[in-house]
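*Asks:* Each chain, letter by letter, is given below.
2 protein chains.
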Amino acid sequence: MYGAVIFLVCTLYASALDNGQMLTPPMGWLAWERFRCDIDCVNDPKNCISEKLFMDMADRLSEDGWRELGYVYVNIDDCWSSMDRDKDGRLQADPKRFPSGIKKLAQYMHDRGLKLGIYGDMGTHTCGGYPGTPLEKIELDAQTFADWGVDMFKYDGCYSNATEQEQGYPLMSKALNATGRPIGYSCSWPAYQGGLPPKVNYTQLGEICNLWRNYGDIQDSWDSILSIVDWFFENQDVLIPAAGPGKWNDPDMLIIGDFGLSMEQSRSQMALWAVMAAPLFMSNDLRTISSGARAVLQNEMIISISQDPLGIQGRRILKEKSGVQIFWRPLSENASALLFFSRRTDMPYRYKTSLSKLNYTTGSYKVTDVYTFKTTVLKDSTEFVVSLNPSGVVMWYVSAPAKLNSRLVFRGGPAPASANEDEINYIPAFL
Amino acid sequence: MYGAVIFLVCTLYASALDNGQMLTPPMGWLAWERFRCDIDCVNDPKNCISEKLFMDMADRLSEDGWRELGYVYVNIDDCWSSMDRDKDGRLQADPKRFPSGIKKLAQYMHDRGLKLGIYGDMGTHTCGGYPGTPLEKIELDAQTFADWGVDMFKYDGCYSNATEQEQGYPLMSKALNATGRPIGYSCSWPAYQGGLPPKVNYTQLGEICNLWRNYGDIQDSWDSILSIVDWFFENQDVLIPAAGPGKWNDPDMLIIGDFGLSMEQSRSQMALWAVMAAPLFMSNDLRTISSGARAVLQNEMIISISQDPLGIQGRRILKEKSGVQIFWRPLSENASALLFFSRRTDMPYRYKTSLSKLNYTTGSYKVTDVYTFKTTVLKDSTEFVVSLNPSGVVMWYVSAPAKLNSRLVFRGGPAPASANEDEINYIPAFL
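Chains as they are written, first to last, in the UniProt record's numbering: chain A, 1 to 431; chain B, 1 to 431.
Please keep in mind that the hints were generated in silico from the structure rather than gathered at the bench. Please note that a few of the clues may not be correct.
Here are some chain B residues pointing at chain A (derived, C-beta under 7 angstroms) [to be verified]:
#	residue
1	Ser-221
2	Phe-259
3	Gly-260
4	Leu-261
5	Glu-264
6	Met-347
7	Pro-390
8	Ser-391
9	Gly-392
Note that the structure is a prediction, hence the values are computed from the model and not measured. Note that the Cβ used here is the ideal one computed from N, Cα and C, for glycine as well.
The shape of chain A in the complex, shown without the other chains (with noise of 0.2 angstroms):
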């Protein structure tokens, strides 16, 4: 049945990258956010950009839980090469940071399950000054990579003009399939190019890439997010055609586990994004992360709704003057995901709705909630009250609309007698 799914979704986004990758949002760890270009292996041992930090990831990923959860990439981003490329033009590791080589990274990797990714740069240098990979290089260095074993690339552009952009992006697409080998694509080119049509073509994007980052770079912090949310949401009506199965918009890491985001914080931006359908690249200290973090990270039902095999991401469909903000993704099997989200900051706040008010058809619905497991059903004219946090969320799996029963059927048994469904202020149980 899974694999029945699969067909169908691969057959309807011909047009995708057709590199059979990420037919679901990619899951990992990437480097960037929490490690950046710490090269300072002398003072700064367990940080620095090296191969040690990457195993060190590996193994908390294949020990912790994370790999049977979907997290299974596990990517270099900037300042990993020596300053120099080889007598034969290749780009090579920093010999002291990663004495044993990319490609014994890479198996180190295959060896637990695992994928390696790396990074490059379409312009003269890296964003962090290291050798960059311009249209001459294109080719070389992609086998390069494939000769590691290397199973995804970001391709980010300082250092480059719109027009060597232009060009790069889809040579480097089509050299890395040239390769044989399945490579994920990451391009950064959309974010040099404002994001927006005119001057981004989604369509191209999906046909030579598995994902772009279309905004800045994540901060460690909760304005960040709110920065970046804003963003995808104003602009979803063009964002969300363009993704899809192999394609996906890259709002950037999760940042669950630093310091910036406090536990509610850490559940929205769980929540937004696998409404969002981005890729869950998680940038944080597995060895060292909180288990409320983890826990948060590792919640099996967001993860199914963020790598539901349809793959359509989902849009904001309220901005309430109150702060409350609705989203909601359509899923496989005629569900959803229902996901109500306060930007206030003051206390607690009683958001009183029903789902035909949310564009729910008749019917009755099994809803759960995702981060209390508490499960019910309710009526489309049902009216209830969900209590929302200060930038917090409360996030619904919405099962599809069963016939309607003549009474509501309770978690533990039917409904007492009395019970009127269709009370104002019925408060569902698992509020």
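For chain A, the structure is supplied; the task is to place chain B on it using the hints.
*Replies:* For chain B alone, coordinates are given in the frame of chain A:
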């Protein structure tokens, strides 16, 4: 000895309001930021402004170790009263939400070794639209509060003009004193005047109020804290001389334990408020607070810095381009608090300096990290590195300078013979 210090302090600061109250910054709990004007006891009985809420918090303060640390005030804010005064013109509590009345509530606090604070407003109405305490009601209301056994009064300023405030705030001070009951007096006056001279007369404020709100209301967000901190330290040359035993600048409540702060940011607010010699009024839900937030709020070393008997407000001594800011507060017994704060949003930052660069005089200092409790000894000239997390702090209690030893004293024994105290990259054991 403690008594002698207090006596000395009282002599030095004879200009403070002469009610003997709040010789160190007051500590306790205040309803506003977390519970606002929630009067919906039907749908939200646990969180509405009612005697039950304040009794709940009193129970937590007295049973969970708060009282012993100094958190003794339980303070009502707006929305406590009936919409009408009684037949004698007296304020009265809302009969449904405070059925036992304020006098009984004050007794409840006193029975537990706690104190009760209440709220009023200089204008025709409170900010929430309840009856105000305009000029002609000041003496009556002050007497009512005293009759009830209230221990602190916050006088807000909505719906009053500058002329009324100029009369009303001093008049209330006299009226409270005239009751004979010691009542701590919190004035919102300067916040309504923009917080700065020449509109604000801080000399006068110190003579009539025990604490005063200088700036806007805190909200449940890190942004709000940053805006408060920036304002207080940009205006430190005006504000620092205004503060002292019995008279405090009030940057508003602690929001630690609410929804908007990460653990890192929670530690930062606590440390910054202690350095500012700020009142420590928590506004959170003590019934459900996390153990992490509680540990920050109950940190004894930071509380002892906050409560230092000299009562000197600290200052920002350095604002680096890197985003590192450094604060210093002189403490009794020739000690000091030293606070390193990172405004960065990327990754932990290694900041290198020495005590002499931070204006410490020649000598050897015992230094204790107030969050890790690790102690070491630093010579003024020793270069050290502090690792600062994004939006995080490192706070040190620095003892009085001792005579220079020929060798550093390490925890667990003398330094190894080869240790070079002046080595540039020397990193103290507690980092």
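*Asks:* Hint by hint, note whether the structure agrees.
*Replies:* Taking the hints in turn, this is what the structure says about them:
A hinted interface residue such as B:Ser-221 counts as satisfied when its beta carbon comes closer than 7 angstroms to some beta carbon of chain A; here the least separation is about 4 angstroms, so the hint holds. Checking B:Phe-259 against chain A by beta carbon gives a least distance of about 4 angstroms; that is within 7 angstroms, so the hint holds. Among the interface hints, the one on B:Gly-260 holds; its C-beta lies about 6 angstroms from the nearest C-beta in chain A, closer than the 7 angstroms criterion. Taking 7 angstroms as the C-beta contact cut-off toward chain A, the hint placing B:Leu-261 at the interface holds, the least distance being around 5 angstroms.
Annotation: interface hint on B:Glu-264 holds; nearest CB of chain A at approximately 4 angstroms, less than 7 angstroms. At a threshold of 7 angstroms, the smallest CB-CB gap from B:Met-347 to chain A is about 5 angstroms, leaving the interface hint in force. With a cut of 7 angstroms, the hint placing B:Pro-390 at the interface with chain A holds, because the nearest CB-to-CB distance is about 4 angstroms. The restraint placing B:Ser-391 at the interface with chain A holds, with a minimum CB-CB distance near 6 angstroms, inside the 7 angstroms limit.
Checking B:Gly-392 against chain A by beta carbon gives a least distance of about 6 angstroms; that is within 7 angstroms, so the hint holds.
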